[in-house]
Structures are given as C-alpha cells and as structure tokens.
Amino acid sequence: MKISSCFVKSFRDLFNVDVLKVVLISALPLFLLIFGFLYAFWDQIISVSSFLISWVPFSVLKLNGAFFILFFVWFILVLVSFAVVTAIFSPIFLNKLKERGYYLYSIITIGFFSLLYAVLLIKNWDYVFEEVKRLLTILPFDTVSKGVSAIVAVYIFYNFFILSLFFVIFIFSKPFLEAIRELEYPELEINVEDKFKYKRAILKDILIFIALFAVLFPLFFIPVINVGVQLFLWTKLYRDSFLYFVCNEYCSKDEFEKLSSQSFKTSFVAFLAALFNLLPIINFFAPFFAVIMFFHCVMELKLANKNISVKEEN
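Under my numbering, the letters of the sequence shown match residues 143 to 456, in that order.
Derived lysine-lysine pairs resembling DSS-like cross-links, with alpha carbons at most 27 Å apart: (1) Lys395 with Lys444; (2) Lys346 with Lys395; (3) Lys444 with Lys151; (4) Lys378 with Lys400; (5) Lys378 with Lys144; (6) Lys144 with Lys444; (7) Lys448 with Lys395; (8) Lys444 with Lys378; (9) Lys448 with Lys407; (10) Lys316 with Lys407; (11) Lys395 with Lys378; (12) Lys341 with Lys444; (13) Lys400 with Lys341; (14) Lys407 with Lys444; (15) Lys341 with Lys378; (16) Lys400 with Lys346; (17) Lys346 with Lys407; (18) Lys144 with Lys395; (19) Lys395 with Lys316; (20) Lys144 with Lys400; (21) Lys316 with Lys341; (22) Lys448 with Lys151; (23) Lys316 with Lys144; (24) Lys151 with Lys407; (25) Lys395 with Lys151; (26) Lys448 with Lys144; (27) Lys378 with Lys316; (28) Lys151 with Lys316; (29) Lys444 with Lys400; (30) Lys316 with Lys448; (31) Lys346 with Lys378; (32) Lys448 with Lys400; (33) Lys341 with Lys407; (34) Lys395 with Lys341; (35) Lys341 with Lys163; (36) Lys444 with Lys316; (37) Lys151 with Lys400; (38) Lys316 with Lys346; (39) Lys163 with Lys316.
No lab work stands behind these hints, which were simulated from the structure alone.
Modelling step: build the complete structure from the supplied sequences, incorporating the hints.
Next comes the structure, spelled out in structure tokens:
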C-alpha cells in the first residue's frame, strides 16, 4: 500500500459533507461537555492535580512549566492569528465560499500558523525558554505550582476528550465510510465473510492507553520526551483498533493478515493521525482521519488484488 496516496485521499475526504456532519455532531458537543465538566468542578480537579505534582521537584516543575507555558502560548497565538485573519477577510472573500471551501480554508490557515509559530519558537528556543524559566524562578513556588497544576489538569482532560472521541467514532464512522466507498470505489464488490473481534480490541486498547498513561505520567514532566510519549500513546491507541474495525467491514482474513504484517506502515498511518491531535481545532478530525486512512489502505489492497486476479485470468 502507498501511504502517500492514502494520505492525500484521506485529507481530501475530510471535507466530504458526510464526514463534516459527523465531526460537527460528535466532536463539538463532546468537547463542550468535557469543557463544562472541567469548569463546574475546577477547584476539585485542581486539588487532585496539585497533589499529583506535589511529588515533583521544583527544578523539574520549573523546567516543565516553562515548556508547558510555551506550548500554551503557541496554541493561543495560532487561535488568535486565525481569528484575526478570518475577521479581516471574512467580509471580502470568505462569505463567498461554500461550506466545503470554508473548512478547507480553516485547516490550511490553522496549519500555516501552527507551522509558522513552531518554526519561530524553535529558531529562538534557547532565548525564549531561558526567559520563561527565569520568570518562573522569580515567582513564588505556590504560584508556579498552581499554574502548572492548571495546565496539567487541562492536559489530562484533553486526553480524556481524545479517548472519548476515539470511542464515539466507532458509532458514527460506518455511514461516511460507505459514502466514500460508493463515490471512490464503486467497482469493488464487498463480500466479507470473515468477522474480527474488533470490540475486544477496542476495549483492550482503551485499557492499555489508560494504564500506560498512568505508568508513564512522570515522563510528561520531561520536556521533549513528553511529546514523544504522548504521540506514542495516541499512535498505539489508533493503530490496532481502527485496523480491526475497518477490516471487520471490508477485509477478508488474508487481507487482514497481510495488513497486520506491515506493522511499520500501519503504525506510521496511526502516527500521522496522532500528529493532528497537537493542532488546535484540527484535533477534532484526528480519529476520523485515522479511520479514513486505514479505509483507503484496505481499498488499495483490494484493488491491487483485483488487478492481479484480472491479469492471471488473461
């Protein structure tokens, strides 16, 4: 399977009307629900978060606090820049765009500002990082502790949002996958006799994600390593469950075994989707992008098998 081809097709299909509708009726309400819970029980959540980081030395807390603050600043800069550009150009150009065009504009604009500010931060990393650490050194320990506690609390609940959205997608994905199949692969007949126990795989992956998140939690206080650990967890969460789910609907047993044997490629597909979780707003699309990519990988494999069969017959 060609990952580049699957990536391009999947990115294009994110703007499919059926996919956009599912994102709006699932991801947005779920995000608002979790945000409301976080707001309602903020004091209690901060107390728990403060207890968790009370075991962390101040030097580590200061170092990781600086990293978290810079990440938060980057996040805010991306959102504010997107809002300003949209406010300026909306009366002139954006009102003329169709719904699909507006979503395309949003993702491209957010992606551009995300990359721009990331490059600027990396280029001036030593100076900016040292200045933020110096600020945290001046502030009292309690102030730094409370600030980091708030960021850690939001971070934990963000992972809960990702996990919840991962679970929800299995309810909503079959209709839009069928719509994409009928549009892009009408020549393929799907006669699946082999069924896979994907529900067991989903439950196993959720439990493994929670267990690893708890065990690896101390590593989240080490800059750079925390990003790597987080991407590893999201990649592992997406890989097996989405592969099982898509193959349950569209694969034969032989096709499933062939895809499973290509562990590097399937892990890379899940990794690309996990990267979406690092970008504001675009993170709503991450699990949808993952399942669509696995779908295209399966369809390309079926097309390849069909072409081989036709050549053998000739």
